[in-house]
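Trainee: Read off the chains here:
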Amino acid sequence: MNDRGDIEWSPAGGTPAAWRAGVNADQWLALATTFRNDGARLLALWASDDRACAAYLTGGGLRVAESRVDLGTPEVPSLGDLFPAAARMERAAFDLSGIRVQREDARPWLRHASWPSDFHPLRSGAASPEGFAAASDAYAFVRVAGDGVHEIPVGPVHAGIIEPGHFRFSVVGEKVLRLEERLGYVHKGIERRFRDFNALDAHRLAARVSGDSAVAFSWAYCRALESLAGCEAPARAAWLRGVALELERLANHLGDLGALGNDAGFAFALAQFSRLKEELLRATASAFGQRYLMDFVVPGGVAQDVSVEPGRNLVARLATIDAEVRGMRRIYDDHPGLHDRFSGAGRVEPALAAQLGLTGLAGRASGQRFDLRVDHPFAPYDQAQVRLASDERGDVFARVAVRFEEALESIRLCCAWLDALPSGPIHELLRLPPDDACGYGLIEGWRGPVFVALETGPGGAIRRCHPHDPSWQNWPVLEHAIIGNIVPDFPLMNKSFNLSYSGHDL
Amino acid sequence: MLRTLAKIARIGVVSEPAPAAADELRVRDVLQREIREVLGRALCIRQVDAGSCNGCELEIHALNNPLYSIEGLGIRFVASPRHADLLLVTGPVSVNMETALRRTYEATPDPKLVVAVGDCGCTGGIFGESYASRGRVENVIPVDVAVPGCPPSPTRLLQGILAAISAGR
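One line per chain: the protein sequences are A and B, in this order. Here our numbering is used: position 150 in the first sequence is 145, and no number is missing along the way. Here our numbering is used: position 12 in the second sequence is 417, and no number is missing along the way.
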């Protein structure tokens, strides 16, 4: 901010181009209003002990607003009326950093009863509470009143092999009047843990924010670090990162396509897709040495090269998977039972999706045509001309259709890149990032935009690192998608979004 | 329908033979003989994610695919701890999941087995112990077999599960 009170943006590097600016409380709100009117999207909202930060994605790039707070009464206005997805992020920011947001719903979000309400783990100097026993608390779910209304509590331990969370259904008969989610069960202190790492090592922790998005998070982290250190990964490394990210997308889509068929009673589909996924993972292991590429993306490049023969074998395997996925799509398209279960289930109309900020894959299935690989292409996507998959129907069928399209596009990209990998090094030596600097990384993971904000302290220390999963935006929309549907359709709808608990709970 | 039947016929049975039990994964010397006698190899597993990054869950899911075909070995995943013989627990145990994990353990009928999965389940892993994490599974409930890895492969998981129910050393 300058003397006249204008907002002064300073460039922060990176792709897409990023700017940051300090703002006061009035500007915090005014800026959000301007961005909302201009069609920008809220990417993330987080806090340190002395400021709240909001990252927006505009047509021109990334804008990060930082509002310093008075440490005596740390407070910022709520952005929840402009960007509904901000509400839970603001509650989490209070739990972790003690910055109060002026809002009606002041219930804790990530803090359950397991540590005292005056302990804010991200406040500098906050000592961990000693000997505070785990406890269960009575969370104030919103009650639905009326004749015959009753509640069904589900979780945190679910009936399948799923992450933990609690769903509270208010129903009449089978019909869902309201779903309220309660998350935070797998909160394991990741943001505070980042401070124990040197910036050059913390990509390993970033990869484990949400294991199914390990490549996306480690790449986003490395982009943030590399933009600070003024380093660009060599071309071969960028291409291999692209292959790794598309393999991650493909593996997740294959798993979900099978599970969605299975949840509609078509067990054959699960058998076929889980076989295809296993074949993909084995081919990945032959080429990359790991089934899941947890530690493949490293600062400055990638950890391992892919040699010619295993690369060719992977391309050949991808070609057979491509043919099988196309065959399965014909079977899905012709199957009356699947049509009956998928069509109209869990519909999120495009207008509602835009209002609530539905993002990523689920957003594209509700007409929100955004994909960072297309809109703000980073290497190697800048030369790949990714075909954006989208659908206007907004139901389970649309989310299935988008997955089919994207799986086939991922195969095309992987094969094209593996066939023509540029020669050269796979790694560039990274110097320490400067002290007291902020860098940002943004990657289109398989669920949607994965964002990392990294702030350094002296000598490569991490002062603050905020990893942001698109599940933050999409979890609240699932509560809307289920309204008016029946309880037994919930697993199908939930799977069609397949959101991350760990990536959200941090 | 014809396409579906044709594919079933064309793919055939792809299941692979199971690996041998891996005794080195066993952390408790005294196995519950009773369980082995009662169950033989038929086993019901309740999986509990007590705080994982969901990486281990990806490989646990793979046990159900046609290549590992865990149900073909008489082992299946069940929806309630009350139906379970064995808890397959991933970690680190988050403080917010500690009570739910203890209750799940208590709800599992005796005699019961616990297999801790992944580097985090075995040691607390990269997350360690903190205000929000109790670290390894054994810090919260007794563990019989620990399968390290990040994530452990399905073969390794299967070896660990088989070690829990196979004859002692």
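Calculated from the structure, these hints are not laboratory results. Note that the structure is predicted; figures quoted are calculated from it, not measured. Glycine residues also receive a C-beta, built at the ideal position from the N, C-alpha and C atoms. Some hints here could point you the wrong way.
Stated by the list, open to error - Below are the EDC-like pairs computed for lysine to aspartate or glutamate, each with C-alpha atoms no more than 20 Å apart in a straight line:
1. B:Lys517 / B:Glu421
2. A:Lys170 / A:Asp335
3. B:Lys412 / A:Asp21
4. B:Lys412 / A:Asp328
5. A:Lys170 / A:Asp431
6. B:Lys412 / A:Asp317
7. B:Lys412 / A:Glu474
8. B:Lys412 / A:Asp44
9. A:Lys170 / A:Asp484
Stated by the list, open to error - Sample of chain A residues facing chain B (criterion: CB under 7 Å; computed from the structure):
10. Arg163
11. Phe164
12. Gly206
13. Ser497
Trainee: Against the structure shown, which of the earlier numbered hints fail to hold, in ascending order?
Mentor: 1, 3, 5, 7, 8, 10, 11
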